[in-house]
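Participant: If you want the building blocks of each chain, they are given just below.
2 protein chains.
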Amino acid sequence: VKVGVLGGGQLAQMMALAGFPLGIKVIALESTQDCPAGLVTDVVVGDYTDQQKLKELAEQVDVVTYEFENVDVPSVESIETPNVYPAPNALSISQDRILEKCFFDSISVPTAQYFPVDSVQDLQQAIEKIGLPAILKTRRFGYDGKGQFMIKAQEEIEQAFSELGAKNLIVEQKINFDREVSCIAVRAVSGETAFYDLVENVHVGGILRTSTVITENSNVNQLAKSYAEKVLTELNYVGVIAIEFFEVKGKLIANEMAPRVHNSGHWTIEGAVTSQFENHLRAILDLPLGSADTVGYPMMFNVISKHPEISEILKIPYAHCHVYGKQERQGRKLGHITLSAINSESLTQEVKLLGSLLKE
Amino acid sequence: VKVGVLGGGQLAQMMALAGFPLGIKVIALESTQDCPAGLVTDVVVGDYTDQQKLKELAEQVDVVTYEFENVDVPSVESIETPNVYPAPNALSISQDRILEKCFFDSISVPTAQYFPVDSVQDLQQAIEKIGLPAILKTRRFGYDGKGQFMIKAQEEIEQAFSELGAKNLIVEQKINFDREVSCIAVRAVSGETAFYDLVENVHVGGILRTSTVITENSNVNQLAKSYAEKVLTELNYVGVIAIEFFEVKGKLIANEMAPRVHNSGHWTIEGAVTSQFENHLRAILDLPLGSADTVGYPMMFNVISKHPEISEILKIPYAHCHVYGKQERQGRKLGHITLSAINSESLTQEVKLLGSLLKE
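Chains as they are written, first to last, in the working numbering: chain P, -8 to 351; chain G, -8 to 351.
The list treats identical chains as one, so a pair stands whether inside a single copy or across any two.
Calculated cross-link-like contacts (lysine-lysine; reagent style DSS-like; alpha-carbon spacing at most 27 Å):
1. K158 - K143
2. K(-7) - K297
3. K(-7) - K317
4. K165 - K216
5. K16 - K297
6. K16 - K(-7)
7. K137 - K165
8. K216 - K306
These aren't lab readings, by the way, just hints derived from the structure by calculation.
Note that the structure is a prediction, hence the values are computed from the model and not measured.
Could you build all of it, start to finish, from the sequences and the hints given here?
Facilitator: Rendered as structure tokens:
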């Protein structure tokens, strides 16, 4: 069984590694052989907007998927056979912050107040309604905090507007959240679903740093699952999806969604019975899903900018290293480390040990 | 970092998969590219007794190891650089049932009574001392029950002797055991050790069928670890070792040892914090070992002769499939399935489900 993946980064790499034991071969489409997926599996070298290359990939696999949501929708739609999962409707929505907000509204999943912005006037009127601070964002192609401007004062309005390119923008109310959380969920071709425990995410400079599994059986866990279920059902979705929320006083406000395996789900490799990567493959190949139950007390740390000494990290007995094989670069995700622990006290101890080793 | 493995079967395959996340590339030496390791990593195609091929492998890796104990010792000794782990002393001992028994004797690890046999007279005299039934075995190159003859009656003595080739034999007292167990242990270059929980093994026709982790903190678990520790220390061993014992009334009698990752340790991939494959790599690369603690209640089933329908197996939510990518053949190990469970009751239920699906 073969699966084609648009993109050859660490997500495709980990998908490939999850596939091997099941006899599933992942083939990546990436602009260079020298990519994380290329270290572990075959790569079709080419651009994912190149119809010829897409065809070359599609012809040798049983299903096509992708590892990033900024895939060109017409390119994906041009693939007639085999099936592409998740289907392009989820891509279109998640690529456009306004469509995304409208979608959440349409299924009664709460969002921050927002307005489309195409002129300074739009922006001023919106801010009169939602107040300051507010966040101006590009509608499309933002990631890791890029394409965003936090407006704290009236005087910044014009600067924000021009800095972000002065069109196709959205302004959102700044949510004063207690914590940021995300829900990893999965739905198979058969309609079967599974939901991982919610994680608390910490971002610094717009980049995810840590994800900690919320193991207590909280209301917020139930609430997230009910929202995720609505999303999956409404989209007739197939594959893994990640939905990010702001938690405010026990309520959840949807921020955005990613129609793919997600960084905040990397802990599932060791921290859940079945990883998000394996369940994504099972989902798109019409196989039964595996249990998404959490094992122990997991926490994930991203390795950013600089590789730590692996021999130091591995001194922590419950640490698992994942090195993606990328060159060091400021702000780049190079790998991740998952700590698993038998209780929350031992997790705290391990976190302390790891903290002293992880410096950018 | 690169690791050369003599052999390209499923053990090398799973070692390769364990290495990728740590940035460790495994390269196998195997007589054909079309082998389980070849599905996931690079293979140097050649015979492991071919000095030229050994040199070709050795030159491109940082350490050499092997996946089967019947490696040619002079071949291994011919590798001057890099290091070969486990060192050839363990190979020599485990290749010869008499040396093995002598070794266990020398460190006061109990064994069955045994005698070398090079003539029918030897055999008759031995059987007078140890009684019947007794097991006649070839000293060297037995595996999966091959090269063995269970002698139940005096009349079978001559037949057994001639069937096994009439020289270099050993006869052993037949132990009336309560169960067969094995201990997977690991020792690193630094001398650090880790011990997995003992497993109970069930063999049918000489081939391992199931391994069930003994999670209760029993005396026999402690005893096995103390014996394994003696073995590791005495051999100044580096890497994973498997030691098989007969359990009789709470005592352990060593049967044999394998200086490598072992089928009865496959459960550690999902069932332990760190798998035997990862810990073997860490051990031979002078890295700290990971925790060998058991996670949940794991049990492993070998898939033999015929592949079950993977979509059926995966209906069991806690089942993990490992398909090695081999052609079906009577008596061949094609893969394994690990069940993990949150308690022994749910394990029993899963075993029942799986039992109906696994038929040879």
